[in-house]
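Enquirer: Next come the chains, spelled out residue by residue.
There are 2 protein chains.
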Amino acid sequence: MKMELEQLLPGEIERRSFEIITEELGERTFPKEQEDIIKRVIHTTADFEYADTMTFSKDAVSSALSALKDRGRTMIVMDTNMTRSGIHRASLEKLGIEAVCYMADPDVAREAKEQGMTRAAVSMNKAARTAEETGKRVIFSVGNAPTALIAIEELIREGRVHPALVIGVPVGFVNVVQAKERIMTADVPYIVAKGRKGGSTVAAAILNALLYKIDTER
Amino acid sequence: MKMELEQLLPGEIERRSFEIITEELGERTFPKEQEDIIKRVIHTTADFEYADTMTFSKDAVSSALSALKDRGRTMIVMDTNMTRSGIHRASLEKLGIEAVCYMADPDVAREAKEQGMTRAAVSMNKAARTAEETGKRVIFSVGNAPTALIAIEELIREGRVHPALVIGVPVGFVNVVQAKERIMTADVPYIVAKGRKGGSTVAAAILNALLYKIDTER
Numbered sequence: 040m041k042m043e044l045e046q047l048l049p050g051e052i053e054r055r056s057f058e059i060i061t062e063e064l065g066e067r068t069f070p071k072e073q074e075d076i077i078k079r080v081i082h083t084t085a086d087f088e089y090a091d092t093m094t095f096s097k098d099a100v101s102s103a104l105s106a107l108k109d110r111g112r113t114m115i116v117m118d119t120n121m122t123r124s125g126i127h128r129a130s131l132e133k134l135g136i137e138a139v140c141y142m143a144d145p146d147v148a149r150e151a152k153e154q155g156m157t158r159a160a161v162s163m164n165k166a167a168r169t170a171e172e173t174g175k176r177v178i179f180s181v182g183n184a185p186t187a188l189i190a191i192e193e194l195i196r197e198g199r200v201h202p203a204l205v206i207g208v209p210v211g212f213v214n215v216v217q218a219k220e221r222i223m224t225a226d227v228p229y230i231v232a233k234g235r236k237g238g239s240t241v242a243a244a245i246l247n248a249l250l251y252k253i254d255t256e257r
Numbered sequence: 040m041k042m043e044l045e046q047l048l049p050g051e052i053e054r055r056s057f058e059i060i061t062e063e064l065g066e067r068t069f070p071k072e073q074e075d076i077i078k079r080v081i082h083t084t085a086d087f088e089y090a091d092t093m094t095f096s097k098d099a100v101s102s103a104l105s106a107l108k109d110r111g112r113t114m115i116v117m118d119t120n121m122t123r124s125g126i127h128r129a130s131l132e133k134l135g136i137e138a139v140c141y142m143a144d145p146d147v148a149r150e151a152k153e154q155g156m157t158r159a160a161v162s163m164n165k166a167a168r169t170a171e172e173t174g175k176r177v178i179f180s181v182g183n184a185p186t187a188l189i190a191i192e193e194l195i196r197e198g199r200v201h202p203a204l205v206i207g208v209p210v211g212f213v214n215v216v217q218a219k220e221r222i223m224t225a226d227v228p229y230i231v232a233k234g235r236k237g238g239s240t241v242a243a244a245i246l247n248a249l250l251y252k253i254d255t256e257r
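Residue numbers (the working numbering), protein chains in the order written: chain W, 40 to 257; chain R, 40 to 257.
Don't read these hints as lab results, they were simulated from the structure.
Since the structure is predicted, the reported quantities are computational estimates derived from the model, not experimental observations.
It is possible that some hints are incorrect.
The list cannot tell twin chains apart, which means a pair is met if one copy fits it or any two copies do.
Unchecked claim - Lysine-lysine pairs mimicking BS3-like chemistry, simulated, CA-CA at most 30 Å apart: (1) 252 <-> 108; (2) 78 <-> 233; (3) 252 <-> 152; (4) 71 <-> 152; (5) 165 <-> 78.
Just chain W, same shape as in the assembly (with noise of 0.2 Å):
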């Protein structure tokens, strides 16, 4: 049993955590843009299965963090408070980003019952609507509803938003694999774990990933 533990400052922690993610990883290369993305979502699960399962469209990248430096103008949508719980607030008030969940609205709750759809459905329409209002560019982020990525493929499919990335990364057993097929073949960037795996923690990891490379740019 291996007790003894690891002497190390607060600090050093995540730092040594990633060199043996990097060792474990080996030979294994990634493109340089989605390198710490993958190892960041790796770090939030302990899952090196997402080595094989993560997968970028060609621009998702660069989209997005186009759209995170867009001061003020650029909203994050999720569909849990969980992965809101799970983002670095401080980055987010330093670029100026609304992030919004708007599952436990009330008035998504009315709505979706009246139409017989999910609330997640419905809270992703909400903020078709929203964007549009307000002119916003919209990031998505799915880490636990397949039904709110359908919503979205839909949305885009019929040109109602036109999001700078939608993180697909939802869980689960039923419909997760396909909507993720589906995401996939929509004219929009994408990040996407393929397969069944997933959820919240991903999703947050995701963004903050994205949300620290603007910070080590400065």
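Following the hints, position chain R against chain W.
Expert: Using the frame of chain W, we list chain R on its own:
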């Protein structure tokens, strides 16, 4: 490519997901009181590895349920606000359970800096003090910081806190495995996911599974 969506009502998706999990677990069986907890963790992660790593002390579930049913006398102390966002709020309210996370409290940040400790460790000390002052029973939930789990283990050994349950599912590469092994040698009811994996969503899944047990009993 599997693009066809299964046509299910929102309420049916969870039931169908659990059916798939049960099918894929095959002849694998679990102690009755653990089964729904393990399956909910798999549901949350789409990761069957948890069927092997989830480890329960003999009295874990009964001790947790007894505390959760002790109306108004139990607090759940978490190491992330993500887990707090992920717990089923209506169940907590119905049971009169206080759910707290001290990680972002200014006094915790200040004390951590003064003492050269992690905020996680300071948070757990604060929880132990609060429990003593208020006479509340405590369930600890650690989904992120191994230092929180190590601090809890020390508080238990020093007799400063007597938790009704410790959920030990931090995730990561440094001191995570060791922290889990340590808590399993302490004299306390525990639910641990051995190894590196875990996370805020896993902690929330375990807490929700416990809360749903009480809902189902009624």
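Enquirer: Classify it for me, residue 78 with residue 233: is the Cα-Cα distance of at most 30 Å met within a copy, between copies, both or neither?
Expert: both (16 Å within a copy, 22 Å between copies)
Enquirer: Classify it for me, residue 252 with residue 108: is the Cα-Cα distance of at most 30 Å met within a copy, between copies, both or neither?
Expert: within (11 Å within a copy, 46 Å between copies)
Enquirer: Under a CA distance limit of 30 Å, which applies to residue 165 and residue 78: within one copy, between copies, both, or neither?
Expert: Neither: 33 Å inside a copy, 33 Å across copies.
Enquirer: As a check of your reading, is residue 71 near residue 152 (CA-CA no more than 30 Å) within one copy, between copies, both or neither?
Expert: neither (45 Å within a copy, 35 Å between copies)
Enquirer: Reference check for the pair residue 252 and residue 152, CA-CA at most 30 Å: within, between, both, or neither?
Expert: between (40 Å within a copy, 27 Å between copies)
In summary, the structure is inconsistent with hints 4, 5 from the numbered list given earlier, while agreeing with the others.
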